[in-house]
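Q: The primary structure of each chain is shown beneath.
Protein chains: 2
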Amino acid sequence: MLKKVFLVICDGLGDRPLRELGGKTPLEAARTPNLDRLASESECGLMYTLGRGLVPGSDTAHLAILGYEREKYYAGRGPIEVAGLGLRLQQGDVALRGNLGTVDEKLTIVDRRAGRIRVVEPLTKSLDGMEIDGVTFIIKPGTAHRAGVIMRGERLSDAIIDADPHKPDLPVRKVTPTDRSTEARRTADVLNKFLARAHEILKTHPYNEERVANGELSANYLLVRGAGQYNVVPNFLERYGLSACCIAGGGLYKGIGAYLGMDVMELPEATGLPDTDVEKKFQAGLGNLQKYDFVFVHVKAADSLGEDGNFEGKRDFIEKVDQAAELLVRLPDEVLLIITGDHSTPCSQKSHSADPIPILFRGFGVRVDDVTSFGERSCSRGNLGVLEGKDIMAQVLNLMGKSPLVGA
Amino acid sequence: MLKKVFLVICDGLGDRPLRELGGKTPLEAARTPNLDRLASESECGLMYTLGRGLVPGSDTAHLAILGYEREKYYAGRGPIEVAGLGLRLQQGDVALRGNLGTVDEKLTIVDRRAGRIRVVEPLTKSLDGMEIDGVTFIIKPGTAHRAGVIMRGERLSDAIIDADPHKPDLPVRKVTPTDRSTEARRTADVLNKFLARAHEILKTHPYNEERVANGELSANYLLVRGAGQYNVVPNFLERYGLSACCIAGGGLYKGIGAYLGMDVMELPEATGLPDTDVEKKFQAGLGNLQKYDFVFVHVKAADSLGEDGNFEGKRDFIEKVDQAAELLVRLPDEVLLIITGDHSTPCSQKSHSADPIPILFRGFGVRVDDVTSFGERSCSRGNLGVLEGKDIMAQVLNLMGKSPLVGA
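As they're listed, the protein sequences go chains Z and B. In terms of our numbering, the first sequence opens at residue 1 and continues consecutively. In terms of our numbering, the second sequence opens at residue 1 and continues consecutively.
One chain only, chain Z, in its complex shape:
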């Protein structure tokens, strides 16, 4: 019988054939003896995470794979990032994510990340708790230049544009409403007041003055984006009866775990970068199989390397994942192992795409097929056929005998 689930998501895993790789994708070109062995012990398929033709964001993709319909449970990136910082939203709250950046005296952006500033806590602390027109601003530091923002008060709305223009050399945006409600107008107004006051505080903050004295950029502006309002998200345990933990380096993925009520592990070796220690992550995951029913391990770098167009780097990183996957080959069949990606990030396009991603299911009761290598094209001949993200948890529950009967 299946007792546990181990889900590995390699961000941006899928790709397109590259002439430079002899017409293979980075995954197909990589030497992956462990992943291939796992595929040969699995039932395989090809997943269109959000459905054919839709290019998944990392947030919506993960929600889909974990069985949370975006129409119902996705309210922008703010609430997810803020959850990843350990904050809990309340009814009515609006959450945003932000960068501490550098602007000149005309409020034109010099650097969106203030020279990739590494510690912003002294700055966020000086803003945290500010109250404007009955709205309290809760500001917490994220990793490096990042920060989370919660607006708490009455009559707020997330129908506002980003203050962050997303590119340097542009002026910061005045926040404006995107609908005609008084709530959206009020929220934009209060947020604009806050951002102006914050700028006043930041530009004369001793921490910034010290930075400038050291020849570094002043982190003098809080660039906010991704506004989203609190909504009720049933936690993973309630939804599936499976206790769950999340092991990830990147803030978004920890955020997804926290947003769904998973326990989020802190693992210093998980960096979210190509130097991350995949083996340590898998080890930590395996160690958690005693305590949790469902272990979700996220590996990031294939996506970033794809966005850089670095196909050799992507191929090599996949080989690194394969080496760590030797640990997974030893998993007993009472653990349902699922390996997949959240979307494709073709190196030739340097951005997410709608191309499907291979997926494998391995464990007790699975209808093992004759696919013997883990790749975009080999898995398209697997028994699972063409799936969508929303089918994954349904198949997990089915294999565990936990799905309800429709009819009698």
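For the record, the hints were derived by calculation from the structure and aren't laboratory data. Keep in mind that this is a model prediction, so the values were computed, not measured. Please note that a few of the clues may not be correct.
The list treats identical chains as interchangeable, and a pair is accepted whether it falls inside one copy or across any two copies.
[Stated by the list, open to error] DSBU-like, lysine-lysine: derived pairs with alpha carbons at most 30 angstroms apart:
(1) K174 to K402
(2) K280 to K4
(3) K4 to K24
(4) K402 to K390
(5) K402 to K24
Take the given structure of chain Z and dock chain B to it, following the hints.
A: Chain B only, in chain Z's frame:
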């Protein structure tokens, strides 16, 4: 040209690989030369009866395969079972199915089937026609301990819970409404009165006194469940222009046939058990191809054996079906032959599952593919690909040239 259709549904046919069968499913492990030959002359596929991830009940699965959406045409099991007893519902009727069971003086269940009593007609007769608060109770015997119940009167509703707690050693339930309507309250109230009066009659019934004198259990309580209200179900002939008959052993499947207005054959050799005479059923079906356009033959035991976890029994029963299928190999190609299951019943799980079932279409005009054996994994490589139950009748009509044009 195709002139006739012969549909065989093997209940619970699909399964998962079993170590005890060398990693094969019971269907894959069974020696099935006739089914394999039919597959090699067919176009094959894999069917998720209600869609991926949904675990079909036998009732909803059959309705789907026969092209009746459950959202529209499924109103609980009562109306189907009652149809199988030859009763016709009228507008406003509520139908239930029931067992004659044994309770003690505290109304706790001793045996839900009164020691598997074989004849209940004397008992149901004593209850049939009772009138309470303007509601007439029509009570008919089913096979063995079973009975059908119709409540006929004004202002009735099927929004009530089962009186049957579904397990022994529990007290019978007081029927309560599941919504706030006065109809549901009234129905629960009248049904409670009926069940109490029925108990008074049954416990002193001479037939029961004789049973007790013989050391048998008294069938002193009518345990009802599966309330469903009359709804308009277009009959099969009107819907498809195909006259149809149903050959089945189990009451539910005869009920499905009757519910859809098919002629239901009575065949004493069709028992719904592993001892059933599959050959006789196929013979009867073939004999009916003169008279009917569409012959539906249901074979039950693979499902029950799966629910018992009896994988050898399931494999052997499939071999028995295969032997009888020699008759089907001789079918001329003007008969469209379809062989499938309604859902999987994995022996390792002992209950219905969402795993897909193989299906084959054989006859004139079919795009025969290169699948040469009838099994869960072999058919996944068939030309039909992945289907749902609702696609089956659409494909039948298409192959017969009876589908309307969409557009011009």
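Q: Taking the hints in turn, state whether each one holds.
A: For each hint, the structure was consulted:
no.: 1; hint: K174 to K402; verdict: between (50 angstroms within a copy, 29 angstroms between copies)
no.: 2; hint: K280 to K4; verdict: within (20 angstroms within a copy, 46 angstroms between copies)
no.: 3; hint: K4 to K24; verdict: between (34 angstroms within a copy, 23 angstroms between copies)
no.: 4; hint: K402 to K390; verdict: both (16 angstroms within a copy, 24 angstroms between copies)
no.: 5; hint: K402 to K24; verdict: between (39 angstroms within a copy, 23 angstroms between copies)
The structure fails none of the hints (numbered hints given earlier).
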